[in-house]
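Visitor: Read off the chains here:
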Amino acid sequence: MRGGVAAPHLWGSREPCNLPAGSSSQTSRKPEAPPPRLARLRDSDPDETDAARARDGDAMAFERLYRRHAARVHAIARRVVGVEEADDLTQEAFLRAWEKLPGFRGESAFGTWLHRLTVNHCLSRLATLRTRWTKEEPEAEFGMDVFAGQGSGDLHLQIDFEEAVERLPPGMRRVFTLHDVEGFTHEEIGAQLGIAPGTSKSQLNRARLALRRWVE
Amino acid sequence: MTTHDVDALGAYLDDELDLPARERVAQHVAECESCRATFEALRRVRDRARVMHDRTVAVDHWPTIADALPSRAARSARRITIHWMSLAAAAVLLVAVSVGVTRRWSSAPAGAPPVVAVAPTTVRVQRVALTGTPPSAELAVASYDSASIAFRALLARATGRLRPETIRVLERNLAAIDRAIADTRRALRDDPQSAVILSPYLQDQMHRELTLLRETAALVAAADD
Ligand SMILES: [Zn+2]
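Note that the protein sequences, when read in sequence, are chains A and B.
Mapping the first sequence onto the working numbering, position 115 (from 1) lands on 105, and the numbers just tick up by one.
Mapping the second sequence onto the working numbering, position 66 (from 1) lands on 72, and the numbers just tick up by one.
Honestly, the hints are just simulated from the structure, not real lab data.
A virtual CB, placed ideally from N, CA and C, is assigned to each residue, including glycine.
A couple of the hints might just be wrong.
Derived DEER-like restraints, expressed as beta-carbon distance ranges [stated by the list, open to error]:
no.: 1; chain 1: B; residue 1: A228; chain 2: A; residue 2: A181; range: 53 to 61 Å
no.: 2; chain 1: B; residue 1: V65; chain 2: A; residue 2: T121; range: 25 to 33 Å
no.: 3; chain 1: B; residue 1: D21; chain 2: A; residue 2: A61; range: 28 to 36 Å
no.: 4; chain 1: A; residue 1: A42; chain 2: B; residue 2: H59; range: 23 to 31 Å
no.: 5; chain 1: A; residue 1: L119; chain 2: B; residue 2: H59; range: 53 to 61 Å
no.: 6; chain 1: B; residue 1: T9; chain 2: A; residue 2: R58; range: 30 to 38 Å
Input sequences plus hints: build the corresponding full structure.
Guide: So, in structure tokens, the structure goes:
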């Protein structure tokens, strides 16, 4: 895992679930002492069952978790770091989840836990990459063959909102993702990305304006 | 709030203002139609961001993950240098396009399109494709026009040397790219703020145009032999 670079983790000791609606498949917390009927319902949640099995070393259960969550994990990696790192980050996030599963006790939904772990892993990768970059990623960010084989038509009909987000310049894309998709504050984003909160705010609003044609 | 301040509208939307500032912005939004529209747009985008639809991952990473599971060991990850190498490869490709097309024209028989018009064209396109920042919309469009002119000249020269169906395919491709470019230009004109997203799209289209240009040059060259 890249020598275990420890970046400050936003959610390290905080109580979970100030995530926006829709940001995970499940956001309700487990009650302290659930009535038996609720306990049975909860136990029937496939994520929870599979997480418990994977914690005991069941790789097939872990594969099911992968199948259910890979799209979201990969999307987080693409938006927070960039498409060229997303495959590696996805694999690493799941491996890290496997390692950390023994510490997962179901205080939050598995999806929320994995999602958070992924964001933190992406942020620490970003911190590593940032020290290597002399400037923001150049034009490879705008993959040249993304539209290969596509026909014509108005661009905002050809690509959807999600792809438009990925085509934002990196700085705007990160701030927009962390703030509007993942629910971070500007202070947290500023600390993570090494920018002033005011910069984070103006990047956010520029990104929102750039995306307005996709919500009209 | 006396000016049309987008960041103030964003802060208002995100409930980051103290009471006096909030009241100032609220009053301005009530009075200013333009800021009201902007505020609504910011709100719609923010709300849409809360329900992102994640597309299926193209590559199945499970086999790789499964291989690494028993050891739980650190994996060696590909380095970012690969990314730079592919950039270098793209640069070589574009230079090759310039050189190749220029040479074909230089050795063309009498009656071929003028040589002078072509070489600077390809060089300009190359410059746009290799800059580190998204080109301005104007620059991208101007360079696209140059590439398009060069392409049409080459296509005219190819007529009679290539099979009619090949010509038709090339023309169809070019027409599709032309339509996409025209749509993008219109979108940029209607909504300049989306330039950060749309300008790279123009680059994509130019790249496709260049690829067609290169392939056509190769076809014409083969027909000459
Ligand atoms: Zn106004």
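Visitor: Against this structure, judge whether each hint is valid.
Guide: Right, here's what the structure says about each hint:
1. About 59 Å separates the C-beta atoms of B/A228 and A/A181, a value consistent with the hinted range of 53 to 61 Å.
2. Between B/V65 and A/T121 the C-beta distance comes to about 28 Å, which sits within the given range of 25 to 33 Å.
3. Between B/D21 and A/A61 the CB atoms are about 31 Å apart, so this pair conforms to the stated range of 28 to 36 Å.
4. The given range of 23 to 31 Å is respected by A/A42 and B/H59, whose C-beta atoms sit roughly 29 Å from each other.
5. At roughly 27 Å, the beta-carbon separation of A/L119 and B/H59 lies outside the given 53 to 61 Å, and the hint is violated.
6. For the pair B/T9 and A/R58, the supplied restraint of 30 to 38 Å is violated, since their beta-carbon distance comes to about 48 Å.
In this structure, the hints that do not hold are numbers 5 and 6, in rising order.
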